[in-house]
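2 protein chains.
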Amino acid sequence: MTAVATIIQSLKGSYGFDRAQIRTDLESLEHWGKDWTKHFAPAPSAIVFPKTTEQVQALVLLANEHHIVLTPSGGRTGLSAGAVAANGEIVVSMDKMNQIGTFYPADRLVEIEAGVVTEQLQQFAESHDLYYPVDFASAGSSQMGGNIGTNAGGIKVIRYGMTRQWIMGLTVVTGKGDILHLNRGMVKNATGYDLRHLFIGSEGTLGLVTHAQIKLERPPQDLTVMVLGMDNFSDVMNILSAFQAKIDLTAFEFFDSVAIDKLMAHGQVQEPFESRTKFYTLLEFEAPYEPIMDKAMAIFEDCMEQGWVVDGVMSQSIAQAQELWKLREYISETISVFTPYKNDVSVLITHVPAFINDIDHIVSSNYPDFEVCWFGHIGDGNLHLNILKPEAMSKDDFFAACQVVNQYVFETVQKYGGSVSAEHGVGMTKKPYLHYSRSETEIEYLKEIKKVFDPNNIMNRGKIFDM
Amino acid sequence: MTAVATIIQSLKGSYGFDRAQIRTDLESLEHWGKDWTKHFAPAPSAIVFPKTTEQVQALVLLANEHHIVLTPSGGRTGLSAGAVAANGEIVVSMDKMNQIGTFYPADRLVEIEAGVVTEQLQQFAESHDLYYPVDFASAGSSQMGGNIGTNAGGIKVIRYGMTRQWIMGLTVVTGKGDILHLNRGMVKNATGYDLRHLFIGSEGTLGLVTHAQIKLERPPQDLTVMVLGMDNFSDVMNILSAFQAKIDLTAFEFFDSVAIDKLMAHGQVQEPFESRTKFYTLLEFEAPYEPIMDKAMAIFEDCMEQGWVVDGVMSQSIAQAQELWKLREYISETISVFTPYKNDVSVLITHVPAFINDIDHIVSSNYPDFEVCWFGHIGDGNLHLNILKPEAMSKDDFFAACQVVNQYVFETVQKYGGSVSAEHGVGMTKKPYLHYSRSETEIEYLKEIKKVFDPNNIMNRGKIFDM
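Order-wise, the sequence lines are chains A and B. The opening position of the first sequence corresponds to residue 1 in my numbering, with each subsequent residue numbered one higher. The opening position of the second sequence corresponds to residue 1 in my numbering, with each subsequent residue numbered one higher.
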């Protein structure tokens, strides 16, 4: 009997796993063995669906005993192959741990299982007149456990921070099989190293998150959206500063004329205003009081007078605000037909203009046929660089060329002290480039920490770094 | 020659330390060898004042070579003896690394040395029309390095979070002597374990922080203060919920009638209103727009109608707001003549009423002569429990009795899943009680992590836990 078969037998025999909790059919292996990345073929040995922390612990102990690697699996919407099982792993799907537990109104705190879907949590918050503010395109299928594993960001980070900021407690099973209850929901707890923060963003390489305590927030009121067009990138920075000095922004997003060209050609969204400009920002803020609208208008007019803004529009209703958001939200889908080669990088906001300039120069001088589409969460210094495939070029040639560009991109990231993965994690796709953002010495410390929690390297082996 | 003498000789000879950077006179040993705690007699071997990260590194490498323990030292305002050197350690004072470095306006980010005083950073922020929001009584002398080491909290946590939330990057020298640049100021950086968060709150036991990158915020506008009096503790919770649903609070503080009795007897502050009630809350919020004041008044009137609030007052000017704040700020100083035995604990806000009730019962049934004064940051579930010494009792008898009470207090903390040190750290004074908040298994992981960064246990040995 193979090690995996032995583990499955034990799970069924001694640990109460029923038939629906273990799948080994090909379709399931294919389905649960991968995420949204397409670079690696899924090849897991089995898919296991635990229902309790104790069942997860049993599985981890068996995996240690039989030297089988476990791949944690959430909504499988990852973009770095962090949840891909390509080497005979047992996938640990959290699909059956998707319950929302105790809610503490006075603390605005809710306990959830790791398989709760982001949108499910958002809706729960809404039903209690509260708000879970971490939001992004895959909220309808991404699971909270995965969000915690990658410290997911998204479109509201400028105001509400990353996933990290909302995680008040975690229950984890370490790679050694210990159950730890980390921080237990407290705002203030100065009792030694905060292991909760070590697990957040660890991509399942230290252990498995089974439960979390999540802080909720009051809902935003009367969100208003502005879309502004400019012709010089440096003015984007001026506009950010001008608004931020006087208004609490809930979003400050950016896209370029390539993005708007594609959006208009695709025909699903309306042009925000008559002028076509080189750069666009979408900014959002709460405006429950008339003076805030007046202030926003005054800043807008000042930006026009300064010559920073060519044209602009402000939403007058919720429907209009949603319509303007589509300009930003539909970009990914719209450019997907051009087989974009994506990178998700970040630098200090201060360095963004020089960084974009450098990359544009690199691409245009080396690959004059390549079209570059920029968009991103510029209020956080987070840029999504998308290189679009020329129609005449084969996919293979295109990706091979992009691999070369990658090198230049990450050298430029390093030049500005930036991050090779701002919010998508490292997984397998960014693993070869980790050293552009973390020193070799630092990576050695990461590996030593991994050994503390997972000495047999059974937890998501081969992700972030190789041991 | 002793090991310490050898180290000093090397520092002077090979690493450019001048005479003013090393002190061994008794007065200096006494002065830099302790913090605000008084339980341990200072007994360091030398005080060293590095000026650069490289000098810190040289010292750490020498300390490893000669097996000498280093005690990091900031503003020495700690309340858990985390910076006390009681066993021949070399104290590493950051007093000469107190410069504010590069400021990045677009990022609202500033680089500082670890010895920068909290108030110095607050004033720097102010000079750029910005705000550093972590504030507490010792801001005039506490250093940022120490705030980072304990993840300092204070009076604005309900709105702005702990120190952790404002630290965008750290330069550290690990216990092994490696220099690491952690996160380098980025908002978004998903490239593996975030070691920055491991160092925050580690009380100098993993290494020394030498530089930090600090996020700044827009300053609060038109802060308005309300002080409300109630007779039932559960109404404090109702009031918190009522306000928090509609207004973004920047503070929600609490104190009891014992505190106000002492304040009034002391005579430095005015009674907030005629009625004397059992409990008081001080709440603060921004009110730049008239409708917010109207809203606050409406909530206040509703709380009166519900019978939750007996009496209340709202500030009509900055001066009045400051005057009301004194009610909360002067408590510590006012009760200091009663030789208070202090505990700084936290539980979920939901559990606060039951927790206070349990402790009051324990103290009154075991020590009917003891007076208990409660105050704290109740919006964060953080309570300062102060047991006041009966005049007739000797200090020794009192502290001995309090040690017994401690046991009950921490058992109650554990019963509610709380923290034995909410914001003061563990240091030496809370070390015997750590297991009430962290499981034995978890503490084992803390020790293993310590070994990764500081295998020879030279960094602040004997703090948080013993190895």
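In short, the hints are calculated from the structure, not lab data. Check each hint, because a few of them may be wrong.
You can't tell identical chains apart in this list, so a pair holds if it fits in one copy or across any two.
Lysine to aspartate or glutamate pairs mimicking EDC-like chemistry, simulated, CA-CA at most 20 Å apart [said to hold, decoys possible]:
| id | residue 1 | residue 2 |
| --- | --- | --- |
| 1 | 246 | 126 |
| 2 | 176 | 30 |
| 3 | 51 | 323 |
| 4 | 431 | 411 |
| 5 | 415 | 129 |
| 6 | 262 | 411 |
| 7 | 342 | 391 |
(request) Up to 20 Å between alpha-carbons, please classify residue 176 paired with residue 30: within, between, both or neither. (result) Neither: 28 Å inside a copy, 45 Å across copies.
(request) Classify it for me, residue 431 with residue 411: is the Cα-Cα distance of at most 20 Å met within a copy, between copies, both or neither? (result) Only inside one copy: residue 431 and residue 411 sit 15 Å apart there, 46 Å across copies, limit 20 Å.
(request) With 20 Å as the alpha-carbon cut-off, assign the pair residue 51 and residue 323 to within, between, both or neither. (result) Neither. Shortest intra-copy (41 Å) and inter-copy (55 Å) distances fail the 20 Å Cα cut-off.
(message) One pair to classify: residue 415 and residue 129, alpha carbons no more than 20 Å apart. Within, between, both, or neither?
(response) neither (45 Å within a copy, 30 Å between copies)
(message) Cα distance capped at 20 Å. Does residue 342 pair with residue 391 within a copy, between copies, both, or neither?
(response) Answer is within; shortest intra-copy Cα gap is 17 Å, inter-copy 72 Å.
(request) Since the copies are identical, ignore which copy is meant and state whether residue 246 and residue 126 lie within 20 Å (CA to CA) inside a copy, between copies, both or neither. (result) between (28 Å within a copy, 15 Å between copies)
(request) With 20 Å as the alpha-carbon cut-off, assign the pair residue 262 and residue 411 to within, between, both or neither. (result) neither (29 Å within a copy, 63 Å between copies)
In this structure, the earlier hints numbered 2, 3, 5, 6 are contradicted, and the remaining ones agree with it.
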